[in-house]
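Protein sequences, first through last, are from chains A and B.
According to our numbering, the residues represented by the first sequence are 117 to 465, in order.
According to our numbering, the residues represented by the second sequence are 34 to 318, in order.
These are computed hints drawn from the structure, not numbers from a lab.
Hints are supplied without guarantee of correctness; some may be wrong.
[Unchecked claim] The following label-pair restraints were derived from C-beta to C-beta distances:
hint: 1; chain 1: A; residue 1: A263; chain 2: B; residue 2: G131; range: 38 to 46 Å
hint: 2; chain 1: B; residue 1: I134; chain 2: A; residue 2: G204; range: 44 to 52 Å
hint: 3; chain 1: A; residue 1: Q241; chain 2: B; residue 2: G131; range: 53 to 61 Å
hint: 4; chain 1: A; residue 1: R278; chain 2: B; residue 2: P223; range: 23 to 31 Å
hint: 5; chain 1: A; residue 1: T238; chain 2: B; residue 2: Q265; range: 47 to 55 Å
hint: 6; chain 1: B; residue 1: L313; chain 2: A; residue 2: A149; range: 51 to 59 Å
hint: 7; chain 1: A; residue 1: T238; chain 2: B; residue 2: G131; range: 14 to 22 Å
hint: 8; chain 1: B; residue 1: L54; chain 2: A; residue 2: G402; range: 58 to 66 Å
hint: 9; chain 1: B; residue 1: L69; chain 2: A; residue 2: R147; range: 50 to 58 Å
hint: 10; chain 1: B; residue 1: P223; chain 2: A; residue 2: Q241; range: 45 to 53 Å
Beta carbons: idealized from backbone N, C-alpha and C, even for Gly.
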Amino acid sequence: MSAMTNHPGAPLISVEALEKRFAMRQTIVGRIAGRLPLAVHALNGVDLAVHRGETLGIVGESGCGKSTLARCLVRLLEPNEGRVRFEGRDIGELRGGERRAFNRRVQMIFQDPYSSLNPRMTVRQILGEALSVHRMRPKAEIPVRIAELLDLVRLPQDAAGRYPHEFSGGQRQRIGIARALAVEPDVLVADELVSALDVSVQAQVVNLLLQLQDELQLTIVFVAHDLRLVRHISHRVAVMYLGKVIEIGPTEALFSAPRHPYTMALLDAAPELDPGRRTRRAATRGELPSPVDLPGGCLFNTRCPHVFERCQVERPLLAERGGDHRAACHLADFGTPAFEPSFTAAEPA
Amino acid sequence: MRAIEAPPQRSWRSRFKVAGLPATLIVGGLVLFASLVLAVVPSLFAPYDPAAMDYNSILAAPSLAHPFGTDSFGRDVLSRVIHAYTIDMQIAVFATTGPLIVGVIVGALVGYAGGLAESIFGRIVDAVISFPQLVLVIAIVAVLGPGLTNMYIAVGVIDWVFFARLVSGEVKVQKRLDYADAGRAMGYTPMRIIFRHLLPNAITPAIVYWMTDMALAILLGSSLGYLGLGAQPPAAEWGVQIADGKNFMATAWWISVFPGIAIVVTGLGFSLFGDGLAELMRTKK
């Protein structure tokens, strides 16, 4: 972990009260009865800042809205409420050349290495297209640049003439990284970059990403559900639950002294290698509530072991709890609920 | 050209390979190549002038002099079958290529846009497939008047819908894949994403259907020729020839049967070729 935890100045990306709903298909009966159309509430007021040069990890269970957030960050999805600012500008208002410039500077790497590359284009065509559309190099220099990009992601030079199906999953992710890097972005949004890969390959791809971050001064938003991985690579971590960031803070502080009961449960649920440290304690009660019909008050009140009356009526704010550490929990107003990890919180991977 | 279904993805015929290519592709290709040669230079192969009447051998049975026999005007059936390749292959190509191009473009745009465009297109599809296509084409030809040009117009008005439906369905699948999002995140224009990224992955069924459609076009052209709405006598065209022979089926079967066989063989050639093409163009995973 480098010394990037201090970040003076304005954030590079800031997310303000972001809400995203996906309307569900209305039944004919519902329409006649005049019922309001239902919607999946994927994001319910996300606030977040990403600072230049840092790696921000975003974790949460599947269905918590992490991927939706990632797609809003690169404007693949338009939010219903709130905004994403890049260098202070609302990205929803960028048009034409400004929008293309934003696309160039904020790139995404996708989860599925099999569907994220066009099966009918060679690697040379995939990279060359990005280079020529954004006029990154004069035409004559494009082959040279493609060779450089392949070197950068440690792929052999003969990869250029081949099609995606000729590569393994890990190699395909490298091609995806090379495509994103072709346009020399400032920010990489990696949505579950390695979750589709074998564990042995995961480390290679993640370490490549970290090396590239050093070499190219990249800012990275790393969306994942693997806590150990996020801890390994992030300067700061945001924990999401039901479409909201419920805790965010410097990685070590968050992992060693979590302030939100959900974060505690999540850390507690992470599988432990040492059998002596395993626990049989249930981390949380019940199931994840439906994102169609959200609980009132605190979103976590249906499963929280420390729930009390105020949690049923008032949604807690994501408030500063000291040292750049924020948590959205009423209990944190009175100090932190006791966190007794069933594992010891040392040893970053 | 009639009610459509997605072309079969893999048939037993496609599994035989010759020199790494599907056997169906080679056999179909040979038949089509031979058909094209006959269509371009029929006089090199036809033993007689297709319009020459020989009153000394009217309704003559197949013999060495006339291998396919002669018709009621004493015209050589073999020569007429060969010369008909010119018109019938022309029907196959002309009647289907326009609809292919229009259908692919419209289908790609509609599939990508979705929403209102898709709803409107859906109603057009409903309107077209609720009639048997032959009936629709006959109705249009009846209004415009008989003849090949009007037949092309009538077919074109309807046939693009089937290509568009195939392509729009495929594009709808492809546009949800991550590589389409990757293109959007790159800031590529919708036109670039549709025609450079999605369409190459979505066009295979349309190309395969195009082959089937050419066979169906020959069938439709012959049907209209038979009914007197397509190619006009005395032109040598298989449908016209079959109509010529219908009054002599009991005594001179060869007038109708040999053009019929030509239709079957050519249609089979297109079908086999399309089958082989489907096999060849299948995306490797």
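Hints not upheld, ascending by number: Failing hints, ascending: 3, 7 and 10.
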